[in-house]
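> Sequence:
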Amino acid sequence: MDNWDTTAFSVYVSDDLATWERYPALDLRDVPWWDGSDGAWAPSVVQRADGKYVFYFVAGSQIGAAVGESPCGPFVPEPEPIVREGTFDCHTIDPGVYVEDDGTRYFLWGNGIAWAAPLNEDCLSFDESRAFSWVPGDFREAIWIHKRNGIYYASWSENDAREPEYCVKYAMAESLHGPWSEPRVLIEQDPARKLYATGHHNIVNIPGTDEWIIAYHRFAYNPAGRWAGGDGCHREVVFAPLDYDSDGSLVPVRPQVGSYVRSLAF
Numbered sequence: 004m005d006n007w008d009t010t011a012f013s014v015y016v017s018d019d020l021a022t023w024e025r026y027p028a029l030d031l032r033d034v035p036w037w038d039g040s041d042g043a044w045a046p047s048v049v050q051r052a053d054g055k056y057v058f059y060f061v062a063g064s065q066i067g068a069a070v071g072e073s074p075c076g077p078f079v080p081e082p083e084p085i086v087r088e089g090t091f092d093c094h095t096i097d098p099g100v101y102v103e104d105d106g107t108r109y110f111l112w113g114n115g116i117a118w119a120a121p122l123n124e125d126c127l128s129f130d131e132s133r134a135f136s137w138v139p140g141d142f143r144e145a146i147w148i149h150k151r152n153g154i155y156y157a158s159w160s161e162n163d164a165r166e167p168e169y170c171v172k173y174a175m176a177e178s179l180h181g182p183w184s185e186p187r188v189l190i191e192q193d194p195a196r197k198l199y200a201t202g203h204h205n206i207v208n209i210p211g212t213d214e215w216i217i218a219y220h221r222f223a224y225n226p227a228g229r230w231a232g233g234d235g236c237h238r239e240v241v242f243a244p245l246d247y248d249s250d251g252s253l254v255p256v257r258p259q260v261g262s263y264v265r266s267l268a269f
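All residue numbers for the sequence shown refer to the working numbering, where the first residue is 4 and numbers rise by one.
The hints are simulated quantities; they were obtained by calculation from the structure and are not laboratory data. These numbers come from a predicted model, not from an experiment. This list has only true hints and no planted wrong ones.
Derived DMTMM-like pairs: lysine to aspartate or glutamate, alpha-carbon spacing no greater than 20 Å straight-line:
#, residue 1, residue 2
1, K150, D213
2, K55, E72
3, K197, D163
4, K150, E185
5, K197, E166
6, K150, D104
7, K55, E103
8, K55, E83
9, K150, D250
10, K197, E168
11, K55, D105
12, K55, E124
13, K150, D105
14, K150, E177
15, K197, E239
16, K55, E81
17, K150, D248
18, K55, D125
19, K150, E103
20, K150, D246
21, K150, E214
Throw the hints in and build the complete structure from the sequences for me.
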């Protein structure tokens, strides 16, 4: 992708994190409200109660939603954004979803300020009066929530992906509404090993186990210039196991150069 301006979203599927098959998911040119500005950013998918899948995406600094029968798509976009630019006090990007133990799905989004709101059953709307916000640490973007053994974990990216201070941090709480612990580093760059821009992550659990995987991106190193392409638009997606200490805190993830291969058969 050049200049952050691709229009196409794809879903990639693998059963070993090594061999991947691509499925076209959505193109912004099929989104009726897209005005042609910016590009296709930061998708996220959730399954709703009726078994269908909702695909969230960013286009023109607004967040849209599209519905499909499969997590691979194709997805049919809704006629209007789920979050319009300027509705909330943040840059309207980076959607995600946290699913609570009782099945309630919380919509997550925001740059500069993190926002969350319980979704309606259709996962296409929410009561704006029930939305709440917070600013964890030096929060920049990519808020993510997961829960383990009764502890909530909020994790996010700090600084810009092209800056040396770019990293992922996290905090812990006993409630989704906080209060949150002091932030700790989860992933940071390793310039000595030519690994930069480690951030904008997701965390998933292998169902039926206590095994967790974190996915995040990094920049490929180009000897002719610090970043491949020189502009921050060229990223690689990587996966790593995520471990916990005995007190529930997360073990910092050391960026790796090689592949993390793990059969997903269970």
